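Q: Taken in order, these protein sequences are the chains called S and R.
For the first sequence, the positions run 1 to 246 when our numbering is used.
For the second sequence, the positions run 1 to 230 when our numbering is used.
Hints are supplied without guarantee of correctness; some may be wrong.
Unchecked claim - Below, a sample of chain S positions facing chain R; criterion: calculated Cβ distance under 7 angstroms:
| # | residue |
| --- | --- |
| 1 | Gln108 |
| 2 | Trp109 |
| 3 | Ala110 |
| 4 | Thr112 |
| 5 | Val129 |
| 6 | Ile191 |
| 7 | Leu194 |
| 8 | Gly195 |
| 9 | Tyr198 |
What the hints assert, rightly or not - Quick list of in silico lysine-lysine cross-link-like pairs, DSBU-like style, CA-CA up to 30 angstroms:
| # | chain 1 | residue 1 | chain 2 | residue 2 |
| --- | --- | --- | --- | --- |
| 10 | S | Lys58 | S | Lys43 |
| 11 | S | Lys101 | S | Lys149 |
| 12 | S | Lys121 | R | Lys90 |
| 13 | R | Lys90 | S | Lys101 |
| 14 | R | Lys90 | S | Lys149 |
| 15 | S | Lys149 | R | Lys53 |
| 16 | S | Lys163 | R | Lys90 |
| 17 | S | Lys58 | S | Lys47 |
| 18 | R | Lys108 | R | Lys90 |
| 19 | R | Lys123 | R | Lys229 |
| 20 | S | Lys101 | S | Lys121 |
| 21 | R | Lys229 | R | Lys108 |
| 22 | S | Lys58 | S | Lys149 |
| 23 | S | Lys92 | S | Lys121 |
| 24 | S | Lys121 | S | Lys163 |
Said to hold, decoys possible - Label pairs and their computed distance ranges (CB to CB):
| # | chain 1 | residue 1 | chain 2 | residue 2 | range |
| --- | --- | --- | --- | --- | --- |
| 25 | R | Ala16 | S | Ala98 | 41 to 51 angstroms |
| 26 | S | Lys140 | R | Val121 | 34 to 44 angstroms |
| 27 | S | Leu18 | R | Leu212 | 53 to 63 angstroms |
| 28 | S | Ile5 | R | Ala13 | 24 to 34 angstroms |
| 29 | R | Ala16 | S | Ala219 | 49 to 59 angstroms |
| 30 | R | Pro202 | S | Leu194 | 33 to 43 angstroms |
| 31 | S | Ser171 | R | Val175 | 23 to 33 angstroms |
| 32 | S | Val151 | R | Ala105 | 43 to 53 angstroms |
| 33 | R | Val121 | S | Val183 | 26 to 36 angstroms |
| 34 | R | Gly103 | S | Pro96 | 44 to 54 angstroms |
| 35 | S | Ile5 | R | Pro202 | 51 to 61 angstroms |
Derived from the structure by calculation, the hints contain no laboratory data.
Owing to the predicted nature of the structure, the values given are computational and were not obtained by experimental measurement.
Just so you know, even glycine gets a beta-carbon here, dropped at the ideal spot from N, CA and C.
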Amino acid sequence: MNHWIKGVSSYAADIDGLFWLVTALIGFWFIVAQGIVIYFALKYRRKEGVKAAYITGKTWRELSWVFIPVVLVVMCDGWIDVATASVWHNVKETLPTADHKVGVMGQQWAWTFSHEGPDGKLGTPDDIVTVDDLHVVVNKVIHVDLQSKDVLHSFSIPVMRFKQDTIPGRSITGWFKPTVPGVYDVQCAEICGLGHGYMAARITVQTQADYDAWMKAVAAGATALPGAPAASPAPAAAPATQVPQK
Amino acid sequence: MRTSLPFAFAVVATLAMSFMSSRAFAGDPSGLSGKQLFFRCVNCHGADGQGLKAGTLQVPSIAGLDAWYLEGQIMKFRNDTRGAHPNDTKGLMMRAMARSLNGDAEVKAVSAYIASLAPKVEKPDTSADIKRGQQLYTMVCMACHGANSQGNPDPNIRAPSQVALESWYIQEQLVKFRTGVRGSVKDLEGLRMVPMVRDALPLMAKNLGATLEEADRDILAYINTLSGKP
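Bound conformation, chain S alone (with noise of 0.2 angstroms):
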């Protein structure tokens, strides 16, 4: 999976080999499934002399054509459901203590992020708050307070293996662990209205001192200068400011 997505959190690698189970088992499903379809279609195909059979599947011999796939396919499922829930209840059912905490809100069409302001604590006056980039520090336990200003939308992460929807009226709480510093993509899962698929943000993984050297200089409005104009197509992110918080 890393191949095609790189997987940048502690939790990638758990989900990728649910992705690589359930792939290998419906691919040697699928490829067994076609191969006798093919091999009955060759082996029985229309002959001169040969009338058709009509099979009722009324002897047990015929049924065990259905019942075997079916118990085996059941046993497969049975093997994806105890993989999935370990998984599933590490990232979705426990949360770790929090290093940092970002609030992400949802609204057409663009993120806001809130992140902890030099007082290490959210919700307060000196929270920097960013549409489109988000910042975080790498190997940090981070809590996302997922929410939304409108409608649907769904909070993902791609490399992070990271995906939630964002509700009207709900505070969603989810966390991901960082390992790998870099640059990546932020988007919008869940169709959200004319401009959803112009809903992309950038979230910057950095060593804590580059990660204090960000929000020293944004505390300091030196990200607010003005820029020179984007050349087609327009950047992602809109710089940091500091406001005011409800």
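Based on these hints, arrange chain R on the given structure of chain S.
A: Leaving out everything else, chain R in the frame of chain S:
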């Protein structure tokens, strides 16, 4: 042979679509006319660009605005000069839609088409003090927007005509300028608006014995008496 024809067609069609979409992602202009591009504006701004109200979302009329102004504003939305403030709900929507245009040529084409549409005509608010509105307009707005609100495309000014803009929309923008939602440090024209509407206008209004709300209403009513012509 009969069965291979549809298969061949499917392969050719898939390759053609892949090629076309790869060119689109590469930022190649689509070659669509301004009228065709305007199709993506219609859902919010209406078929004739006259704006609409859908539920709580009120969308302004854009028909008949100057092409240079429209082009400038769309570019601002595209490069985060406008509509990038976390509290600018409508601006953030427009920012996304502005980015759906594929390059500067499309921005220019759709702007020219919108400019060619018949502007919305709004009658002055008769409950307002239009004379006071004229005084305030002369003191605060006229230097940039012109005596008849004809606008000024000079690169050092770039102030639009306000005549084709709806009063509620201008009022909304005044509030955004006053509260810092519009007029970021990248937005040179917007930055000029901030002290005018946040500082100068309240002062002038006070001198004329009006509240800020009354001053806004009076100015907007006066603008609707203007021709928008030089």
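Q: Now, for every hint given, state plainly whether the structure supports it.
A: These are the hints, each one checked on the structure:
1. Residue-level restraint check for Gln108 (chain S) holds (minimum Cβ-Cβ distance to chain R is 5 angstroms; threshold 7 angstroms).
2. The closest approach between the C-beta of Trp109 (chain S) and any C-beta of chain R is roughly 4 angstroms, which is under the 7 angstroms cut-off, so the hint is satisfied.
3. The interface hint given for Ala110 (chain S) is met, as the beta carbon of that residue sits about 4 angstroms from the closest beta carbon of chain R, less than 7 angstroms.
4. Taking 7 angstroms as the C-beta cut-off, the interface hint given for Thr112 (chain S) holds, the closest approach to chain R being about 4 angstroms.
5. Because the closest C-beta pair between Val129 (chain S) and chain R is about 5 angstroms apart, less than 7 angstroms, the hint holds.
6. Among the interface hints, the one on Ile191 (chain S) is violated; its C-beta lies about 14 angstroms from the nearest C-beta in chain R, farther than the 7 angstroms criterion.
7. Residue-level restraint check for Leu194 (chain S) holds (minimum Cβ-Cβ distance to chain R is 6 angstroms; threshold 7 angstroms).
8. The restraint placing Gly195 (chain S) at the interface with chain R holds, with a minimum CB-CB distance near 3 angstroms, inside the 7 angstroms limit.
9. The interface hint given for Tyr198 (chain S) holds, since its Cβ lies 4 angstroms from the closest Cβ of chain R, which is under the 7 angstroms cut-off.
10. Distance check on the hinted pair: Lys58 (chain S) and Lys43 (chain S) sit about 23 angstroms apart at the alpha-carbon level, within 30 angstroms; holds.
11. Simply put, Lys101 (chain S) and Lys149 (chain S) have alpha-carbon atoms about 19 angstroms apart, close enough for the 30 angstroms limit, and the pair holds.
12. In summary, the hint linking Lys121 (chain S) to Lys90 (chain R) is supported, as the alpha carbons are separated by about 29 angstroms, within the 30 angstroms threshold.
13. A threshold of 30 angstroms between alpha carbons decides the hint, and for Lys90 (chain R) with Lys101 (chain S) the separation of about 27 angstroms falls inside it, so the pair holds.
14. Proposed proximity of Lys90 (chain R) and Lys149 (chain S) is supported: the alpha carbons are some 12 angstroms apart, at most 30 angstroms.
15. Distance hint between Lys149 (chain S) and Lys53 (chain R) is fulfilled; the C-alpha atoms sit about 19 angstroms from each other, no more than 30 angstroms.
16. Our distance criterion of 30 angstroms between C-alpha atoms is met by Lys163 (chain S) and Lys90 (chain R), whose separation comes to about 26 angstroms.
17. In summary, the hint linking Lys58 (chain S) to Lys47 (chain S) is supported, as the alpha carbons are separated by about 26 angstroms, within the 30 angstroms threshold.
18. As the CA atoms of Lys108 (chain R) and Lys90 (chain R) are separated by approximately 22 angstroms, the hinted pair is consistent with the 30 angstroms bound.
19. The suggested pairing of Lys123 (chain R) with Lys229 (chain R) holds, with an alpha-carbon distance near 17 angstroms, which does not exceed 30 angstroms.
20. With a C-alpha separation of about 8 angstroms, the suggested pair Lys101 (chain S) and Lys121 (chain S) falls inside the 30 angstroms cut-off, and the hint holds.
21. At most 30 angstroms may separate the alpha-carbon atoms for a hinted pair to count; Lys229 (chain R) and Lys108 (chain R) meet this at roughly 23 angstroms.
22. At roughly 59 angstroms between alpha-carbon atoms, Lys58 (chain S) and Lys149 (chain S) are farther apart than 30 angstroms, so this suggested pair is violated.
23. Pair hint Lys92 (chain S) plus Lys121 (chain S) holds up; C-alpha atoms about 24 angstroms apart against a cutoff of 30 angstroms.
24. Distance check on the hinted pair: Lys121 (chain S) and Lys163 (chain S) sit about 24 angstroms apart at the alpha-carbon level, within 30 angstroms; holds.
25. Against the hinted window of 41 to 51 angstroms, the Cβ-Cβ separation of Ala16 (chain R) and Ala98 (chain S) comes to about 50 angstroms, which satisfies the hint.
26. Taking the beta carbon of each, Lys140 (chain S) and Val121 (chain R) are about 58 angstroms apart, not inside 34 to 44 angstroms as hinted.
27. Between Leu18 (chain S) and Leu212 (chain R) the C-beta distance comes to about 60 angstroms, which sits within the given range of 53 to 63 angstroms.
28. The supplied range of 24 to 34 angstroms is met by Ile5 (chain S) and Ala13 (chain R), whose beta-carbon atoms lie about 28 angstroms from each other.
29. Range check, Ala16 (chain R) to Ala219 (chain S): about 52 angstroms between beta-carbon atoms, so the 49 to 59 angstroms window is met.
30. Checked against the given bound of 33 to 43 angstroms, the beta carbons of Pro202 (chain R) and Leu194 (chain S), roughly 38 angstroms apart, stay inside it.
31. Ser171 (chain S) and Val175 (chain R) have their C-beta atoms about 28 angstroms apart, which keeps the hinted 23 to 33 angstroms range intact.
32. For the pair Val151 (chain S) and Ala105 (chain R), the beta carbons lie near 32 angstroms from each other, so the given range of 43 to 53 angstroms is not met.
33. In this structure the hint that Val121 (chain R) and Val183 (chain S) lie 26 to 36 angstroms apart at CB is violated, the actual value being about 49 angstroms.
34. Look at Gly103 (chain R) against Pro96 (chain S): about 45 angstroms separates their beta carbons, and that is inside 44 to 54 angstroms.
35. Range check, Ile5 (chain S) to Pro202 (chain R): Cβ separation about 54 angstroms, and the 51 to 61 angstroms hint holds.
In summary, the structure is inconsistent with hints 6, 22, 26, 32 and 33 from the numbered list given earlier, while agreeing with the others.
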